[in-house]
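**Student:** Sequence:
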Amino acid sequence: MQVKRVTIGIRSVDEALDNFIAIGESIERGETVKRQPAAVYFTNLDAFRKALTQKRLELLHAIRLEKPTSIHHLARIVQRDIKNVSTDVKYLSQIGLVELKEQNNCFFPIVDYDRIELDIAV
Numbered sequence: 027m028q029v030k031r032v033t034i035g036i037r038s039v040d041e042a043l044d045n046f047i048a049i050g051e052s053i054e055r056g057e058t059v060k061r062q063p064a065a066v067y068f069t070n071l072d073a074f075r076k077a078l079t080q081k082r083l084e085l086l087h088a089i090r091l092e093k094p095t096s097i098h099h100l101a102r103i104v105q106r107d108i109k110n111v112s113t114d115v116k117y118l119s120q121i122g123l124v125e126l127k128e129q130n131n132c133f134f135p136i137v138d139y140d141r142i143e144l145d146i147a148v
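Quick note on numbering: my numbering labels position 22 of the sequence shown as 48, and the sequence is numbered without any gaps.
If you're looking for bench data, these hints aren't it; they were derived computationally from the structure. Among the hints, a few may not be true.
With a straight-line Cα cutoff of 30 angstroms, these simulated DSS-like cross-link-like pairs (lysine-lysine) come out [stated by the list, open to error]:
| no. | residue 1 | residue 2 |
| --- | --- | --- |
| 1 | Lys109 | Lys81 |
| 2 | Lys116 | Lys30 |
| 3 | Lys127 | Lys81 |
| 4 | Lys60 | Lys109 |
| 5 | Lys60 | Lys81 |
Full structure from sequences and hints, please.
**Tutor:** Written out as structure tokens, the structure is:
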């Protein structure tokens, strides 16, 4: 079984724009652009730390292992208040680390990767 990974890192706005421009220029030249691996980048270390708190990492782990059927179910698994869990899951969804699917008017979270790799330039 192949391990699915997502990369999380720190990249300046200038670096992100340079990458975006390079891809756009390749497309304009008619070149085939390789699909980029799943990645989430933050502009600085503080933003990274605020986004990936210990509690949010615990949620990612619980979602991956326990496969909760709802946000309420996830809150019971991690023994946290449902409002706080819901807020964290929505945030993780907004930054692309959790997918929310709807079934019977109920949303359930999905984490479809096995590992998080850190990408921080020195």
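**Student:** Please work out if Lys60 and Lys109 have their alpha carbons no farther apart than 30 angstroms.
**Tutor:** Violated - the C-alpha atoms of Lys109 and Lys60 are around 40 angstroms apart, more than 30 angstroms.
**Student:** Regarding the pair Lys60 and Lys81, is the alpha-carbon distance no greater than 30 angstroms?
**Tutor:** 34 angstroms, violated
**Student:** Is the Cα-Cα distance between Lys109 and Lys81 30 angstroms or less?
**Tutor:** Distance of about 14 angstroms is within 30 angstroms: holds.
**Student:** Hinted pair, alpha-carbon criterion (30 angstroms max): Lys127, Lys81. Please report holds or violated.
**Tutor:** 22 angstroms, holds
**Student:** Does the alpha-carbon distance linking Lys116 and Lys30 stay inside the 30 angstroms limit?
**Tutor:** 22 angstroms, holds
Checked against the numbered hints given earlier, the structure breaks hints 4, 5 and satisfies all the rest.
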